[in-house]
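Put the two chains together into one complex; each comes in its own frame, and the hints tell you how they fit.
Residue-level listing of the chains:
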Amino acid sequence: MASIAIDRGLEDPVYRQVADQLRRLIAAGALGSGTTLPSVRQLAGDLGVNLNTIARAYRLLEREGFLVIRDRAGVVVAAPAKEIEGPARARLLEELRATLARLRQAGMTTEELLTAVRREVAVMEGSKEIDDE
Amino acid sequence: MSEAVFVNLALTVRVLIVGGFLFFLPRVTRVGLLFGAYVGESSAEGDAARRLLRSWYRGCVILTVLSLMVGYGISLAGRPLAGNYTGTAVLLLGALGLYLRTYSRARALAPPEAAQQATKAAASLYVGEPRGAGLAKFALGFSIIAAVATFAYATVSYQAMTDRSFVAIMFVPGLNLVLSPTVALLALFTVNAKRSIRAGSGGGSVEAQDAFRATMVNLMSWTALLFCTFMTVLSVQIVRLGLSENASLGAWVLWTAALFLLFLIFIVGNMVRILKGYGQGGARLEQAAADAALTDGIADNTRWVWGLFYVDRDDPSIMVEKRFGFGYTLNYGNRTAVLFVVAFLVLSISVAAFVLIGATR
Numbered sequence: 000m001a002s003i004a005i006d007r008g009l010e011d012p013v014y015r016q017v018a019d020q021l022r023r024l025i026a027a028g029a030l031g032s033g034t035t036l037p038s039v040r041q042l043a044g045d046l047g048v049n050l051n052t053i054a055r056a057y058r059l060l061e062r063e064g065f066l067v068i069r070d071r072a073g074v075v076v077a078a079p080a081k082e083i084e085g086p087a088r089a090r091l092l093e094e095l096r097a098t099l100a101r102l103r104q105a106g107m108t109t110e111e112l113l114t115a116v117r118r119e120v121a122v123m124e125g126s127k128e129i130d131d132e
Numbered sequence: 000m001s002e003a004v005f006v007n008l009a010l011t012v013r014v015l016i017v018g019g020f021l022f023f024l025p026r027v028t029r030v031g032l033l034f035g036a037y038v039g040e041s042s043a044e045g046d047a048a049r050r051l052l053r054s055w056y057r058g059c060v061i062l063t064v065l066s067l068m069v070g071y072g073i074s075l076a077g078r079p080l081a082g083n084y085t086g087t088a089v090l091l092l093g094a095l096g097l098y099l100r101t102y103s104r105a106r107a108l109a110p111p112e113a114a115q116q117a118t119k120a121a122a123s124l125y126v127g128e129p130r131g132a133g134l135a136k137f138a139l140g141f142s143i144i145a146a147v148a149t150f151a152y153a154t155v156s157y158q159a160m161t162d163r164s165f166v167a168i169m170f171v172p173g174l175n176l177v178l179s180p181t182v183a184l185l186a187l188f189t190v191n192a193k194r195s196i197r198a199g200s201g202g203g204s205v206e207a208q209d210a211f212r213a214t215m216v217n218l219m220s221w222t223a224l225l226f227c228t229f230m231t232v233l234s235v236q237i238v239r240l241g242l243s244e245n246a247s248l249g250a251w252v253l254w255t256a257a258l259f260l261l262f263l264i265f266i267v268g269n270m271v272r273i274l275k276g277y278g279q280g281g282a283r284l285e286q287a288a289a290d291a292a293l294t295d296g297i298a299d300n301t302r303w304v305w306g307l308f309y310v311d312r313d314d315p316s317i318m319v320e321k322r323f324g325f326g327y328t329l330n331y332g333n334r335t336a337v338l339f340v341v342a343f344l345v346l347s348i349s350v351a352a353f354v355l356i357g358a359t360r
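Chains as they are written, first to last, in numbering that gives the first Met the number 0: chain F, 0 to 132; chain G, 0 to 360.
Extracted from the complex, chain G is given alone in its bound form (with noise of 0.2 Å):
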């Protein structure tokens, strides 16, 4: 197969998932919220709703169908690299900018008191299992460990080596130390994330997040400790051959390759698994429940920038549900959440600095 057609396969599987994943977001959110907004649950379902949602399956069409021809056309001029990353930048943009017009519009069939800060909140006396805390502490504890030392491991080691590439021998390792520990550290978080129940629905909304979220947990525990393991293995066998004169990488590139298929195929397959059977918050485990409305921060649109960010000081939560996406995202109105995001960018500022500042000397 040649670089070109590998390259062009790449972007077609990576425009067709995330197409088809953005497609269908808006089928599996809870009842009461429209592309980030609170609506109420009787507008989510009206006439305007389905206007929006009608116009959203188009500008999706529209935006695979664009990124693939502005990638294959570059590519076709002989720049397929450049076809591939221009076409993924036309997709994520554009996507954006679908969202934020498609999100302006839903906040306009938000009801006027949406507009206010609720003062009115419920919370459910059901205790349930916060599950997964053991498995998410030792995915953590597993990654600092595993990446802590394959990254000093990379590093003495490249001591001892001549004519090698520092970046090309620590980039690997250094992603690793960054990544690793971070979705490990997230797993960790959404065990306690904050549940937003629908007040007098009997349970059925709690009971659903209650599983969703142990299922979250559970996905991204295990995707830490995977992603953590290959690339572990990945580090060491880079330095080992870069230990070694007139080595190649060899078979070695295509075991690396199967193997991070088989990693993106267990995440792809684990969410698509978790949408179609539980969807985004449990809304479809609470779809009897879905009379009652929702209440608190997800109802809440002051607290919410562009229906994706939740800032709320008051609320302890670190992290809450997505309104609009999968999984959960963090409160950047709690400390631990901000110090959270500060201490990954000085992670990542830190690993960065030092693997270029070393390949320079």
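Chain F with its partners taken away, still in its complex shape (with noise of 0.2 Å):
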């Protein structure tokens, strides 16, 4: 069962570590489409941290494409997009291409960055565990 962690002493904001966790649960197909998420409210009040810290996570995801939120059914894992329009595949790409370039800019060999890239392609296809770096 799927569950996530936050860890309030990192410099990572807690509602960008609940939002990366749950894109790469939902990206690796632990969290299904369809699949409901516990309310802001439970989850919030499960992790001790601010109602409004859930809902900018959810909100972000929800514009990410990520979840669907609806009033009564709660909040909902979104079906993949069937084809990406063309703005949106650039910037994509755009945010690939200066996330590359930071990681160059750490330290990272070619090498590396490949083989991160393939590891993280591997965990969405589900050939391997996903890993808590």
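Simulated from the structure, these hints should not be mistaken for laboratory data. The beta carbon of each residue, even a glycine, is placed where N, CA and C say it ideally should be. Don't take each hint at face value.
Going by beta-carbon spacing under 7 Å, a handful of chain G positions derived as facing chain F [what the hints assert, rightly or not]:
(1) THR118
(2) SER123
(3) LEU124
(4) GLY296
(5) VAL310
(6) ARG312
Here you go:
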């Protein structure tokens, strides 16, 4: 059963930690489309964080197309888009380029970059367990 | 049966139930917790913990015997009621002292890192069903309507009474007005109580807590419903007797005692059933997952005062699982929970003042 963990001691804001983990779980198929997530109140209570923190994480993922927020049904994992439109695709690729540039600047070699990308893709395809690095 | 025998019997039953409950409580708490302190999963089953447990068992037996001896002694001196109250007070105050002493010794077993506020927390994405919300809402609505209506009925009816004590007429409706909606509202709060999981337990821990929480919501809702019904019927009967001259409670005393006894059996029976089948917080259901460490609120000693009061202003949970005891407790750092406590105190004082001031007129 999927779970998430946060660390308030990290520099990364808690809402981003929550969003990142949910994004990875959805991409890896651990949370399939149509899966209902706990309500903002329940998840915030379980984690002991402010309601706005979880609401912000859910809204971010909704904007990114990972979640659908419905009034009655709650928060549900969205179905993957059939095809990505031109400008959206260009924007995501630009984000990927920026991330790769930051990693290169941080000292990763080309080989390390490729290994990391292959590993993430393998995780998404379900051929490897998610690691918690 | 003479009054003294009846009072002593009541004391014996009460002391044995409370003493027995305290005796067995450490056996049904979640692994890792020891007398209100989080000491870690391995320490909780070590030699030092076993010594503490033995000391607790001895203390419970001594307290039970002592409170019975004090109660019987005062009763034999010709004051059975005073003996009943004193025996009960000895047990309760003694239990508090024993608990605080054992708690402080348990805290010393906690790992050094437990002295600092935990920054890590984990939560399951298992939605479960916040079960029991419908019953809790019904219990709340029913108890508010029934208790308010009965209180108003008793107040208005008293105007037509002659030679009756206002306190005697209003005591039961007043108690009903304060207690029944309070228990029902607590049941409603418990529907969304915090779930403290064991991270990496594969979900066994959160499922156990969901099951325990649903059972507790049902028990509290039914308690509110039955208590309110009992008190409402009793209030109406008291008013009717108050309105009729030369009337006495007569057979109603027996009926009331029998119904109240059934109510107590319902409460105690269900507590035993839940603690035996589920354990506190689902402890018994999650035994297979107990190797994984507890996380967040329940495992953070800095958020608990004496292991009894949970205080965390950042935590939006109104109710959290008790570390030592049965069921759930309030998060005293939560604004709604504090408002609830204040409202309860204001209501209690207002009803008491209304009855006492009315009695002097």
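The hints, checked one at a time:
Look at G:THR118: its Cβ gets to within about 4 Å of chain F, closer than 7 Å, so that hint holds up. Checking G:SER123 against chain F: minimum C-beta separation of about 5 Å stays under 7 Å; hint holds. Annotation: interface hint on G:LEU124 holds; nearest CB of chain F at approximately 5 Å, less than 7 Å. Using the Cβ-Cβ criterion of 7 Å, the hint placing G:GLY296 at the interface with chain F is satisfied: the shortest such distance is roughly 5 Å.
Restraint check, G:VAL310 versus chain F: the minimum CB separation of about 12 Å is more than 7 Å; hint violated. This hint is violated: G:ARG312 has a C-beta 10 Å from the nearest C-beta of chain F, more than the 7 Å allowed.
The earlier numbered hints that this structure contradicts are 5, 6.
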